[in-house]
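A.B. asks: Quick mapping for you: the protein sequence lines, in order, are chains A and B. Under my numbering, think of the first position of the first sequence as 1, with each following residue one higher. Under my numbering, think of the first position of the second sequence as 1, with each following residue one higher.
None of these hints come from the bench; they were simulated from the model. Just so you know, these numbers come straight off a predicted model, no measurement behind them.
Looking from chain A toward chain B, a few residues come up when the C-beta cut is under 8 Å (computed):
1. L56
2. P76
3. E77
4. A82
5. M83
6. S87
7. A89
8. Y91
9. P92
10. F102
11. V106
12. K107
Facing chain B, a subset of chain A residues (Cβ under 7 Å, in silico):
13. V54
14. F85
15. N93
16. P103
Cβ coordinates follow ideal geometry from the N, Cα and C atoms, glycine included.
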Amino acid sequence: MARVTLDRVNKIYGYGPSAVHAVEDLSLEIEDGEFAAILGPSGCGKTSTLRMIVGLEEITSGTVAFDGEPMNARAPEQRNVAMAFESYALYPNFNVAQNLAFPLEVKGVDASERQRRVERIAGLLQIGELMGRRPRELSGGQQQRVSLGRALIREPAVFILDEVLSHLDAHLKFQMLFELKRIHQELERTMVYVTHDQMEALALADRVAVMSNARLQQFGDRDALYDRPANRFVADFIGEPPTNFLDATVVHDGGAPLLHVLGSDLRFAVDGERAAAIEAAQLDRVTLGIRPQNLTWNTDGDTAVVGATVDFNEYLGEHTILTLRDGGALFRAIVPPNVDAGEGARVELHYRTRNVMVFHPETDEFLG
Amino acid sequence: MSTTSQAAFVDRHEADVSERDAARVWGTSARPLPDWFQQKRSRGGGLVGAWVPIVLVGLPLAVILAIVIYPTVWMFYHAFHDTNMMSLFSGNWQPVGFANFGYVLTSDRFQDSVSNLAFYLTFGATLQVLLGTALALIIYELVRPRWLQTLVLILLVLPMMMPPSIAGTLWKFLLQANNGAINHLLINLGLMGADQRIEWFSVDLSLVSLVIADTWQWTALPLLIVYSGRVSLPPAIYEAARVDGASTWQVLTRLTLPMLREIIAIAFILRFMDAYKFVDKVYVMTSGGPAQSSELPVYIAFQKGIREFQIGEAAAYAIIIFVFAAVLITLFLQYLKRVMRHQGVTS
Ligand SMILES: Nc1ncnc2c1ncn2[C@@H]1O[C@H](COP(=O)(O)OP(=O)(O)OP(=O)(O)O)[C@@H](O)[C@H]1O
Ligand SMILES: [Mg+2]
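Put together the whole structure using the sequences plus the hints.
C.D. replies: Structure representation (C-alpha cells):
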C-alpha cells in the first residue's frame with residue numbers, strides 16, 4: 001500500500017530534433033488506497049507516465065515517490081508494483097493458468113495456494129474455461145483479461161492497469177468494471193488505471209487525471225471535472241456528447257452582463273458568480289460553454305430560455321439529440337425521446353444560469 | 001496483331017471465361033472486357049516461341065541429370081559390384097551382392113570412424129550449439145550499446161568466413177607440439193612446465209584438435225541463429241517478467257530458453273548436417289591419422305573412392321552414411337514438428 005507522488009516529472013524520448021516530449025512537468029499525488037484514473041486522448045503520454053511509475057522507463061527529470069520515498073533509482077522488481085500492459089505481454093510459451101501463476105511462482109508461493117488463487121481470479125474474470133490454452137489461441141479480449149488477471153493475482157503496493165478493458169464488448173466491460181471496483185474495495189490497494197474511455201474512468205475512479213498533449217489538465221473527482229473543468233479541453237473531453245462552445249461578446253445591459261453569441265441572436269444570461277469572474281477578467285469577449293444535458297426541454301421555473309431552429313433530430317431510444325441553429329451558431333441539446341421537434345421547427349430550451357460556463361477566449365482557461 | 005485476329009483469339013479462348021469471371025466479381029451480367037485488357041492478355045499468350053519453355057525446363061533438367069541423378073544411380077550400381085581401379089578401367093566388374101556393405105559394416109576402420117563421429121557430434125556440434133547459445137544470450141544481455149553488439153558479432157563471425165581448409169591449416173600450425181602458439185601460450189600462462197609439450201596430433205588428442213579448430217570456426221553459426229531468435233522475442237514479455245519480480249535465472253530457464261527451443265534445435269540440425277560432410281579439416285590437419293585415430297566415415301569414403309579407387313566399397317560407405325543421416329534428420333524433423341505443434345506454431 002502506498003501513496004504515489006509524481007513531482008514535476010518529465011519524459012523526453014530521443015535526442016535533438018527528433019526528441020519527443022511525452023510527459024511535461026507532471027505533478028500528481030495519488031492517495032494511499034485511492035483508485036485514480038488517467039484519462040486522455042491517444043498519444044498524450046499516459047503509458048509513458050505509467051512506465052515511469054513502474055520503473056520501466058527512465059525518468060528524464062522529476063521524482064516519482066512511493067510513501068514519500070523516491071523511487072527513481074529503483075528497478076521495477078524492487079518497487080512492488082503489478083502492471084497489466086496495454087500490449088498484454090503474455091508469456092507465449094505458457095498456457096493461461098501458467099501465465100496467471102507466474103508472478104506467484106517466482107515469489108515462491110506453494111503450488112496449492114497458487115492453484116487456489118489462479119482459480120479465483122480466473123472465475124472473477126470469466127476465463128476459467130481457457131486455462132489450458134496458449135495466448136495465441138485466445139481472442140484479443142480473452143488475452144486482455146488474462147493479462148489483467150496476471151496483475152490482479154498479486155498483492156502489490158500499487159496496481160498499474162493500462163487500458164485493460166479496451167477490447168471487451170460493452171456488456172462484459174460493465175461486468176469487469178464491477179469486478180475491478182470490488183477487488184479494489186477488498187484489497188484497498190492503490191490503483192492507477194489508464195484509459196481513453198471517460199465512462200470507465202468516471203465509473204471506477206475516485207479521482208481522474210485528465211491529460212492532453214503531455215500535460216496534466218486537471219486532477220479531480222467527477223463533480224469537479226463536470227462542473228468546474230479547468231479549461232476548455234477538459235470541458236470538451238468529459239461528457240457525451242461534448243460541451244457546446246460558442247464565441248460571445250459581453251454586453252452590459254444595466255446590471256448583470258449578458259453574453260451575445262457572435263453571428264446569431266442567441267443571448268445567454270449568467271449568474272452572479274460568473275458575472276463577477278467576467279468583471280474581474282475585464283473581458284469583452286469570452287467563449288461560453290454549455291453542456292447538451294443542461295439545455296432542457298422542460299422547465300421547473302428557475303430557468304432562463306433560448307430559442308433556436310432544429311437542424312437535425314437524432315432519436316436514440318433513451319433520448320433525442322437535437323442539433324440546433326440560430327444564425328451562424330450551432331449547438332446541441334439532449335431532450336426527451338419523443339418531443340415534437342421536427343427539422344426546421346422553432347423551439348425553446350431552458351437552462352440554469354449557473355450551468356453556463358465561461359472560458360477565456362485566448363487561453364481557454366475556465367473563468368467560472 | 002490486327003483487331004480482328006485479336007477478337008478471334010479472345011473469342012476462341014478466353015472471352016467466355018473472363019466475362020463469366022467479371023460477372024461473378026462485379027455481379028453484373030456478362031460485360032465485355034475493355035479493349036486494352038484484351039490486348040494485354042492476347043499479347044501475353046504469344047510473347048515467346050514454343051521452344052523457349054522447352055529450353056528453360058530442359059537445360060536445368062539436363063544439368064541435374066548429369067551431375068546429380070546419373071552419379072547417384074552410378075553409385076548405387078557400383079555399391080553392389082566389386083569395382084576397383086583395375087576393374088573400372090578394364091570394365092569387367094562383377095556383382096557381389098551385399099558383400100561391400102558387409103565388409104564395411106564389420107571392418108574395425110568403419111566402426112572406429114563411427115565412434116569418432118559420435119565423439120565429434122557430441123563434443124563438436126553439441127558444444128558449438130551450447131557455446132553459441134550461451135555467447136549469444138550473454139552478448140545480447142550484457143553488451144549494452146547496440147553498435148558494440150554488432151561489432152562483437154562481426155568479430156565472432158569472421159572465422160566462419162574463412163575457407164575450412166585454410167582454418168584447418170592455421171590450426172595445424174597453432175597446435176604444433178614444439179613451435180605452436182597454443183603450447184607456447186599454455187607455458188607462458190604457467191599452466192604447463194616450460195619443458196612440457198602437448199602432442200596435439202597424437203592418437204589420443206588428434207580428434208580433440210579437430211574439434212577445437214572446428215569449434216573455433218563454427219560456433220558463430222549457432223550464435224548468430226540464436227542471437228537473431230533472441231532479438232525477435234518481444235521486449236514487453238521481459239518487462240512483464242521484471243515487474244512480476246522474476247530473477248535472471250527464472251527468466252532464462254522459464255522464458256528465454258523455452259521460447260528459443262525450436263531455434264536452438266534448428267541451429268543444432270544445421271551443425272549436425274555439416275558434421276556429416278566434415279572432411280576438409282580432417283584432410284589438412286590430420287589426414288585421419290595418426291593410425292586412423294581421427295577418421296570420420298565420410299573421410300574414409302573419400303579416401304576409398306578418390307585415393308584408392310575402391311569404387312564399390314566407397315559407394316557402400318556413401319550409402320550407409322546417407323541412410324544414417326536420413327534417419328537422424330527424419331527424427332530431428334519429427335522432434336521439431338512436435339515442438340512447433342506444442343508451441344502452437346503449426347496445428
Ligand atoms: N519509446 C518511444 N520512443 C519515442 N517516442 C515514444 C516512445 N514511446 C512513446 N513515444 C511517444 O510519446 C508520446 C506518448 O506516448 P504514450 O505511449 O505515453 O501515449 P498514450 O497516452 O499511452 O497513448 P495511447 O492511448 O495511444 O496508448 C507519443 O507521441 C509517442 O509517439
Ligand atoms: Mg498507451
